[in-house]
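Chemist: Listed below, chain by chain, are the residues.
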Amino acid sequence: MSNKPSSSSNPSTIKHAEKPRNLGNTGRRLLLYFKQLKGKLFFAILMTVLSTAFTVMAPEILGKVTTQLYQGVTTGIFHWDNMIRTLLLLTVIYLISQVFAFGQNFLIAEITSRIIYLIRTDLTIKLNRLPLRFLDSKTHGELLSRVTNDVETVSSTLQQSFSQIISSLATLVGISVMMVLINVRISLIAFAVIPIALFTSSIIIKASQKYFINQQAFIGAMNGHVEEMYTGYSVVRSFNYEEEAKARFSDLNKKILKNSWRAEFLSGILSPLSAFLGNIGYVSVAVMGCFLAIRGQIEVGQIQAFLQYVKQFNHPIGIISNAAGTLQATLAAAERIFEILDEAEESAEHPHPVKLENIQGNVSIQHINFSYLPDQPVIHDFNLEVKSGQTVAIVGPTGSGKTTLINLFMRFYDVDDGSIKVDDIDIRDMKRDDLRSIFGMVLQDTWLFNGTIAENIAYGRQGATRQQVVDAAKTAYVHQFIRTLPNSYDMRISEDASNISQGEKQLLTIARAIIADPPILILDEATSSVDTRTEVLIQNAMNRMMQGRTSFVIAHRLSTIRNADIILVLNHGDIVEKGSHLELMEKKGFYHRLYNSQFEAEEAGSV
Amino acid sequence: MQLLWDCLKPYKLPVVALLLFLIIQSACEILLPTLVADLINQGIQRANTDFIEKAGMNMLLAAIAAMVCSLASGLISARISTMISADLRQQIFFKVQEFSSNEMDLFGVSSLITRTTNDITRIQTFLLYLLRMGVLTPLMMLSGIIMAVFTSGKLSLVLIITLPVMSFVIAWILLSMMGYYKSMQAQFDLLNLVLRENLTGIRVIRAFKQTLHEMERFQEINYEYTRLSIHTQRLIGILMPAVTILMNITTIAVMFFGSKLVMNATMDVGSLVAYVQYITQILLSVMMTSMLFMMYPRLITSLTRIVAVLETSSSIIDGSRPEASIHTGIVEFNHVSFTFPQAEEAVLKDVSFTAYPNQMTAIIGSTGSGKSTIAKLLLRFYDITSGQIRIDGVDIRDYTLHNLRERIGYVPQKAVLFSNTIAGNLRFGKKNASREELLKAAGIAQATEFIQAKEAGLDTPIAQGGANVSGGQKQRLAIARAVIKKPAVYLLDDSFSALDYKTDRTLRQALKSETKDAALIVIAQRISTIIHADRIVVLNEGQVADAGNHEELMERCSVYQEIVRSQFQQEGLL
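Chains F and D are the protein sequences, given in the same order.
The opening position of the first sequence corresponds to residue 1 in our numbering, with each subsequent residue numbered one higher.
The opening position of the second sequence corresponds to residue 608 in our numbering, with each subsequent residue numbered one higher.
Fair warning: there could be bad hints in the mix.
As the list claims (entries may be wrong) - Calculated cross-link-like contacts (lysine-lysine; reagent style DSBU-like; alpha-carbon spacing at most 35 angstroms): (1) D/956 - D/702; (2) D/1047 - F/246; (3) F/258 - F/210; (4) D/1061 - F/255; (5) D/1123 - F/255; (6) F/578 - F/387; (7) D/702 - F/246; (8) D/702 - D/1021; (9) D/619 - F/246; (10) D/816 - F/588; (11) F/258 - F/355; (12) F/35 - D/816; (13) F/387 - F/588; (14) D/1021 - F/255; (15) D/702 - F/421; (16) D/1038 - D/1109.
What the hints contain is simulated information worked out from the structure, not anything from laboratory work.
Here the structure is a predicted model, which means the values were calculated and not measured.
Turn these sequences into a full structure, and let the hints guide you.
Modeler: Set out below in structure tokens:
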């Protein structure tokens, strides 16, 4: 896997901006999404073609009225009936073309919205399959920016430009046909403008692309900075860091400005240039038309029609060039979306996963090696045998690799070497979901989602009944507390779960683990920010849960440690000592020192 | 909207120039059909080739002039719109830097982030459109109307009917769209909320095999959003055909009545041909202008959200005595009471205690007893409701915020680190700290060992939110960051919670010898952390239950005894 956690220190979006980009390929991939809506797309295009055909016919007919009028002026005889008939025909043609136009819009609204729906779906599926190694290496702001902002960019372009581009293309073809039918020579003059227009716009698009990409990259970096400075505002304030924060912001802001105004200007050049080329065509047609009219080779009405065509010709070219401008930003955004979609997923499930029945909870760890970063091993040659029902206390100084074990058990990360087995089955031979239903997890990070209390507890088991939820809450000693809340079990937990305390959150996460009823437990005995009374509750709830289950406890409490069957003493990712409390105390090693440093305080307390 | 005008003010000259360029551009554009009318009337009818050539040249010049003006206006509008949005973005960010906890709570961090980023982008898009098309299209409409009336006043009566009808149709469709936009926005926020939750809770989601459930939850919202989006887009889809039909009918009416005028010889054919083009230009402009209104509701939402931030000023007023600074670090709480805004009950009631330099003052109490609030009040994240907090005999509201916070070494309950190197994070405490100073502070915070274990040592990058270091490591770095400040007052808010007992103990000892001249205020949960404190303040339900050292409190303070008992019982030592 290529993503190192350390890469997130420099907003990696900047790095991506330096990579050679393949916009053509991105465009093709975007088009693949349309494939899934082939039928609707076909009808939409058909409607577009029909609508355009009728629209394109109109100026020629209108020209006929003018010609009839002009002939009337020169000859003095007006064919009023003819003219009325032509005008009526024109009205019908106008109406038909717009009915089709509406049909086209109706279908395209659905097509574009559904494509965005599909992209969002793909992204959310992907996010759920990405390895934590990747997710941990990116800031949330950065990832969110891709799944929301970038998708929005693509979405608004599709909605605004997509139908315009289709009808513009149809119009270009339709007008070309009409012009050639009326007069080949003048048409050639009008056509001469097209290659020039296309050539200049392609140059401009290339030039502005660079700025668009830079702009997006710096915006990504700025979003990261803003998020950090806002979420960590208490530290920013108390360390008087505001000025530096502002300086960094201003710096990024200047970079964005520098790139964004150039990008906007360059893409904005397109429309005046194409307007100019259009006007050149207009003037040439008018002058040429007049010369030909004098020689009687063209009717006045046909000149009028031609002028309208040239104007209309100019319009779609302008739209296409303009769309090209937004298309660049869109493709840049789409590319970032596809980058996520292209990320390597979690390693594939075992093709023939072992079916799990009646798990006893014997855990065997054999010669495992693991590192987050290449060349920086966190765990080396780690061995452990745990019998069903035993409690393993993991102790050690902070940063000694205790949480890493959780990552490996749950297969958030895979071991580099060696194996972890449950009941003699390698955990890599199980389906991830099966594995994860063996392990129950209570982490320090008490994540709850924006739902009711009951929903959050039921998270541990799909389709849990209210009774099961209440029972779990009771076992976790949180039932009484929940009863005191407004709406009780149906109280919604707010976005940042600020309406309940840390300790209560922890009890809820215990209830969530209890309802899952797993044979093996992983507990992180968190002590932070919990008052003593709640702490007693948490401890009791954990003890109750551990009965009859194999348990791994990242332990801070001596009672837990002393009662454990096996104590693992970790330091720098190595098990430095392994054994029961008594054995380890006799050894007078690392554990002995660790224990005494605490025991001293306890002694003072018990005086 | 006022805000936008204010933003445009400094750009008066460029805006005037822009206007000028656009006027010339629209005049040149409208000149083309007029010249065509001349071509038909004088060139063809009189077969005057010289005239045709001359008119052709004039038309060419007009086209060139139009392009030059258009380029110039494009340059100006790109520059103005991006500069204004950069400026607004900066204003907001700077403003938020002044906010205290009150305001941060009021808006919410995630909302402030959106306001600083997305809302500004939206305004930039609007400005760009406004300055380019928004100004040009009314001008094109105006020049079209002038020429139309000038060519034939009678025929222009058609416009009196067409223009209002068209405006009405457009307004009607746009108004009905607004409702949809609002529900779409709400659904969009929900979409983001779920995504954010999915990212933050990824471990729990996977551990509980809820991936499928989360995807379903997301898809439900995604589906609803898509449904609304389709409805809205279809409504927009009516707009264009409806307007086009109106335009076409107008054209036919013009041809019908115009022909009659030509037959009466009150109008010539060339003028009629030009007239049809004027009408087309007028009606097209009306439609383009309506696009501006389509962006308007979204713009207003963004603008209001931005103005709300800019108009909020911090509830904390900076101290008025810039010369006052903290030297000794005697912290006195004098009958301090504090009630959170909008809360009914006070968090702290009549709290008094004094913390002296060279002493460790501990504050202990259960959750909700108001411990952390004391730290927030001392740092002036909130201002007290009544009473007084003094440092060195001076009311903390008299110090400038900078001077006050400069001398307090704060270690927050939640150790926040930033995406920077370890050294960069420590230098929060002292901007130009040397490597020796950094290492020394790290040593005191017991962080040397794990820092040195990293290949890049002090230059090891920290991911956003400190994601790549453990909780205990975070806390130690946060402590080192405060130590390096050499503050007069150390303020540690439950800062040892993620440390194991051994590290906790060594750290406390190192800290004690380092903080000789400073007042050390420790807010704690664990008795063992504060057992040796010179003075322990016991808080209970916002009030000081008692204060004294461990032995004294064990003798006389029942609240303290209860806390001690509950903690040591757990350890099986009593």
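Chemist: Which of the numbered hints above does this structure break?
Modeler: 5, 10, 11 and 15
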